[in-house]
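J.: Here is how the chains run, residue by residue.
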Amino acid sequence: MGARENKDTPVLSVRNLKQHFKSGFGKNKLVVKAVDGVSFDIYKGEVFSLVGESGCGKTTTGRTVIKLYQPTDGEVYFLGKRISAGYEGLKQEIKDIKRDTKAKLAELKESGASEEEISRVQDEKNERISEIKAEIKLRKEQTADEDIEHMKNMQMIFQDPIASLNPRMVVKEIIAEGLRIANVKDKDVINDRVNEMLETVGLVREHASRYPHEFSGGQRQRIGIARALAVSPEFIIADEPISALDVSIQAQVINLLNDLRDEFGITIMFIAHDLSVVKYFSDRIAVMYYGKLVELASKEELFKNPLHPYTKSLLSAVPVPDPIHEKTRQRIVYDPSMHNYEVNGPELHEITPGHYIYANEAELKEYKKEMTK
Amino acid sequence: MEKNIKLSVKDLTVSFRTTQGLVRAVRGVSFDLTEGETLAIVGESGSGKSVSSRAIMGISAGNAIVEDGSIIYEDQDLTKISEENFHEIRGDKIGMIFQDPMSSLNPIMKIGKQITEGILINGHRLKDRYVKLIHQPRMDLANAKAEKKEAINLFKFRKSQLADDEKVEKLPKLKADLDKKIEELNTKIKEARAALKEEIPKAKAIIKKEWKDEKARVAKEVSAVKEKMSGASPEMQAKYKDEIETLKENLRRYKKVTRKEARDRAIEVMTEVGIPEPKKRLKQYPFQFSGGMRQRIVIAIALTANPDVLICDEPTTALDVTIQAQILELIKRLKEERGISVIFITHDLGVVANMADRVAVMYAGKIVEIGTSEEIFYNPKHPYTWALLASMPDLNSKDRLSSIPGTPPNMLFPPKGDAFADRSKYAMRIDFEKEPPYFKISDTHYAASWLLHPDAPEVEKPPIIQQRIDEFRKEEEVTK
Chain A
2 MGARENKDTP
12 VLSVRNLKQH
22 FKSGFGKNKL
32 VVKAVDGVSF
42 DIYKGEVFSL
52 VGESGCGKTT
62 TGRTVIKLYQ
72 PTDGEVYFLG
82 KRISAGYEGL
92 KQEIKDIKRD
102 TKAKLAELKE
112 SGASEEEISR
122 VQDEKNERIS
132 EIKAEIKLRK
142 EQTADEDIEH
152 MKNMQMIFQD
162 PIASLNPRMV
172 VKEIIAEGLR
182 IANVKDKDVI
192 NDRVNEMLET
202 VGLVREHASR
212 YPHEFSGGQR
222 QRIGIARALA
232 VSPEFIIADE
242 PISALDVSIQ
252 AQVINLLNDL
262 RDEFGITIMF
272 IAHDLSVVKY
282 FSDRIAVMYY
292 GKLVELASKE
302 ELFKNPLHPY
312 TKSLLSAVPV
322 PDPIHEKTRQ
332 RIVYDPSMHN
342 YEVNGPELHE
352 ITPGHYIYAN
362 EAELKEYKKE
372 MTK
Chain B
37 MEKNIKLSVK
47 DLTVSFRTTQ
57 GLVRAVRGVS
67 FDLTEGETLA
77 IVGESGSGKS
87 VSSRAIMGIS
97 AGNAIVEDGS
107 IIYEDQDLTK
117 ISEENFHEIR
127 GDKIGMIFQD
137 PMSSLNPIMK
147 IGKQITEGIL
157 INGHRLKDRY
167 VKLIHQPRMD
177 LANAKAEKKE
187 AINLFKFRKS
197 QLADDEKVEK
207 LPKLKADLDK
217 KIEELNTKIK
227 EARAALKEEI
237 PKAKAIIKKE
247 WKDEKARVAK
257 EVSAVKEKMS
267 GASPEMQAKY
277 KDEIETLKEN
287 LRRYKKVTRK
297 EARDRAIEVM
307 TEVGIPEPKK
317 RLKQYPFQFS
327 GGMRQRIVIA
337 IALTANPDVL
347 ICDEPTTALD
357 VTIQAQILEL
367 IKRLKEERGI
377 SVIFITHDLG
387 VVANMADRVA
397 VMYAGKIVEI
407 GTSEEIFYNP
417 KHPYTWALLA
427 SMPDLNSKDR
437 LSSIPGTPPN
447 MLFPPKGDAF
457 ADRSKYAMRI
467 DFEKEPPYFK
477 ISDTHYAASW
487 LLHPDAPEVE
497 KPPIIQQRID
507 EFRKEEEVTK
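Protein sequence lines correspond, in order, to chains A and B. Heads up, the first sequence is in my numbering, so the first residue is 2 and it goes up one at a time. Heads up, the second sequence is in my numbering, so the first residue is 37 and it goes up one at a time.
One or more hints might be untrue.
[Unchecked claim] Here are the computed lysine-lysine pairs in the DSS-like style, where the Cα-Cα straight-line distance is at most 30 Å:
#, chain 1, residue 1, chain 2, residue 2
1, B, Lys-316, A, Lys-30
2, B, Lys-192, B, Lys-244
3, B, Lys-224, A, Lys-328
4, A, Lys-30, B, Lys-209
5, B, Lys-316, B, Lys-46
6, B, Lys-368, A, Lys-313
[What the hints assert, rightly or not] Where chain A lies over chain B, by a calculated footprint (3+ residues, C-beta under 8 Å):
#, stretch
7, 385–397
8, 416–428
9, 433–440
Rather than coming from a laboratory, the hints here were simulated on the basis of the structure. This structure is a prediction, so every number in the text was calculated from the model and none was measured. Ideal Cβ positions, reconstructed from N, Cα and C, are used throughout, including at glycine.
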């Protein structure tokens with residue numbers, strides 16, 4: 002199911018993405034690091050899941066990827082093109098260079114270095130800074146104007162099917178909005194497309210002239226999916242598309258998403274906290290904890306060999322519909338203070354091909370030992 | 037084997053009056069809740085699970101009418117008793133935890149105040165004693181009044197249900213019945229009022245005397261301490277001062293719950309539900325707490341009054357898995373420590389498997405299947421239970437999920453026969469015509485499905501459910 006067709010060209014590449022939210026001034030200044038240095042690739046035709054508890058930054062990641070937020074730092078490449086990039090890090094780099102050269106110059110002057118030496122250092126600094134400034138300018142330019150043709154390949158399905166549909170628009174207008182923005186003007190084309198989409202998601206043509214409130218939760222979520230599909234995207238971000246739905250309806254929507262993936266080869270980034278659904282639906286899973294990616298692996302690998310203690314605690318907390326199993330279940334408690342990152346900072350390491358883990362050198366050794374057991 | 041029955045719901049029928057007509061939310065629900073057990077009620081939204089529990093708490097919406105049935109708690113029918121009487125039960129004896137901890141807490145009130153609020157409001161000890169003295173006549177009067185109101189409401193409701201052509205024929209009888217009932221009740225009210233009038237001055241005198249005696253007793257003790265104080269050393273004087281303060285505090289506590297007492301109690305329950313640094317936390321606002329902590333506070337508030345029945349209305353739906361597991365463990369621990377009975381409402385079957393001793397599956401305002409947790413999960417009999425179990429992916433599912441087609445029925449027009457027939461692939465012709473009765477499978481296991489009728493064809497539960505059970509058993513073998 003959903004094999005990686007082309008491993009070499011990722012549909013989406015996220016590099017060191019950071020999204021910090023600032024609030025308050027002076028003493029009350031508060032920076033929330035919602036996403037703090039996340040990198041991953043999503044390949045064609047796969048379902049890539051982001052899981053984690055609420056507030057861990059999974060939704061923010063999705064929203065930054067689709068450019069609802071301007072990232073603080075890091076880059077997002079979509080279909081080979083950089084669509085979004087932050088430059089706060091680069092600005093910081095300029096500051097650092099300035100400070101460093103100042104110190105260096107003072108040192109040189111003290112030791113009585115030649116004029117030539119000093120001017121060389123200064124030139125070096127200016128060159129670096131102008132390089133970085135050019136990069137910042139490039140990033141600003143590249144990400145400022147929206148390339149609608151390119152971006153319509155990325156669409157989003159939202160969590161709350163009630164809040165994400167405009168109550169004053171009929172279903173037809175809702176589904177056709179993306180087409181209108183993409184400059185489709187022919188009414189017949191729009192009508193045909195809307196009808197086609199309604200049928201694809203299991204609704205009927207007659208529904209086109211109704212308002213969202215006339216539908217049940219599951220049907221509303223189908224409208225949201227139809228809206229995302231109308232512009233034939235290659236990549237869909239599904240932000241908890243089923244958590245607001247009833248059990249009996251959840252299965253309908255998951256089956257629908259599965260069919261769409263098989264039929265149109267759509268790549269899906271699936272954001273969720275229900276691990277049973279995630280395991281059923283996705284190919285690769287990334288676990289997030291407080292703005293960081295702590296573990297990333299194929300679903301088989303992740304469920305068979307969970308390494309990070311947070312992943313283990315998450316897996317041990319999933320309730321399953323079996324009383325005997327439930328009554329004997331042992332929950333693992335995760336305590337973030339167990340990591341000692343004072344001396345040796347953690348990084349994302351590839352422990353086995355395709356299995357990434359956030360750890361420092363010492364922990365990595367431990368994990369490796371655990372794997373060979 | 038026979039356990040004490042704490043709460044008994046019989047044929048409960050609740051409808052909502054709307055502009056479009058009557059929405060029949062609950063259509064004849066019966067269950068017993070025994071001491072110390074957890075009964076889980078499962079069903080999708082609109083199946084009537086929340087409406088039933090709200091009826092038990094007596095907090096149904098304004099347009100709700102209890103058409104029929106009874107809720108027996110401590111020999112009282114909660115559907116009939118008056119609001120005054122209900123005050124002594126709601127919160128005190130039957131507590132409730134709501135779904136969304138953000139909207140069930142007041143955002144602009146400190147946590148400490150929210151926890152102590154109930155204790156302080158219900159804390160007039162002298163007044164309580166006075167009320168207790170006149171309890172019987174007071175309740176007789178209130179209940180009689182409530183009964184009268186109820187009778188009139190029911191008459192109005194029945195009248196509105198009659199078709200025009202029936203009116204001529206049936207209305208006079210209904211009216212006559214009502215008049216007779218009202219007359220009876222009027223005399224009852226009169227008697228109760230007279231009895232109450234007689235009791236009030238007696239009770240007042242008793243309480244006054246009690247308070248006077250207590251005051252005099254404390255004054256005597258205080259003056260005794262004061263006598264010792266004169267001429268004592270400075271350290272001793274400080275000690276005596278404290279002693280007097282305690283005496284005075286105790287006197288205040290005799291009259292009502294003091295702030296300090298309420299605060300101590302709040303800290304006690306906060307510690308019990310696992311909130312670290314309760315003294316500091318008391319002074320914080322809800323937004324300063326995480327979702328899991330907020331839910332703990334909601335539970336703490338419910339616990340301050342020592343309820344013996346706790347209704348949990350989807351307490352973990354808004355929380356994520358790890359926090360959910362913590363809250364479930366907390367509820368289980370409290371249940372064991374305090375021996376309370378729990379009604380647990382949810383739509384997550386995984387949670388049910390974790391929590392429940394018994395499970396009731398609700399659909400379209402009815403319990404379609406009820407049994408012990410093992411019976412429901414390992415030997416389900418109703419097609420709706422099958423569909424629920426089969427549509428849920430677990431960590432081992434690989435095949436296409438079997439979804440339930442269609443949507444739940446519109447309860448403005450409740451379907452004839454088995455309500456689930458429209459969405460069930462096992463439906464037979466009789467399912468559309470006649471409502472199935474409860475078929476007994478074992479002493480504890482009942483299901484309302486025609487498939488259990490001896491004449492019905494043999495139908496096995498979907499293979500996916502059996503596969504899952506087998507897989508779990510296999511896993512257990514391996515881990516052993």
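J.: Okay, the stretch 416–428 of chain B and chain A, do three or more residues pass the C-beta test at under 8 Å?
T.: holds (count 5)
J.: Compare the distance between the alpha carbons of Lys-368/B and Lys-313/A with 30 Å, and conclude whether the hinted pair is satisfied.
T.: Roughly 23 Å between the alpha carbons, so the hint for Lys-368/B and Lys-313/A holds.
J.: Take a quick look at whether Lys-192/B and Lys-244/B sit within 30 Å of each other, Cα to Cα.
T.: Given that 30 Å is the threshold and the Cα spacing comes to 46 Å, the pair is violated.
J.: Is Lys-316/B within 30 Å of Lys-30/A, Cα to Cα?
T.: Holds: Lys-316/B and Lys-30/A sit about 23 Å apart, inside 30 Å.
J.: Does Lys-209/B lie within 30 Å of Lys-30/A when you go C-alpha to C-alpha?
T.: violated (75 Å)
J.: Tell me if chain A covers the stretch 385–397 of chain B under the three-residue, 8 Å CB rule, please?
T.: holds (count 7)
J.: Closer than 8 Å, Cβ to Cβ, for at least three residues: run that test on the stretch 433–440 of chain B against chain A and report holds or violated.
T.: Held - the stretch 433–440 of chain B has 7 residues with a Cβ nearer than 8 Å to chain A, which meets the minimum of three.
J.: For a C-alpha distance cap of 30 Å, please report whether Lys-316/B and Lys-46/B respect it.
T.: Distance ~46 Å between Lys-316/B and Lys-46/B Cα, so the pair is violated.
J.: Is Lys-224/B within 30 Å of Lys-328/A, Cα to Cα?
T.: Distance ~54 Å between Lys-224/B and Lys-328/A Cα, so the pair is violated.
In this structure, the hints that do not hold are numbers 2, 3, 4, 5, in rising order.
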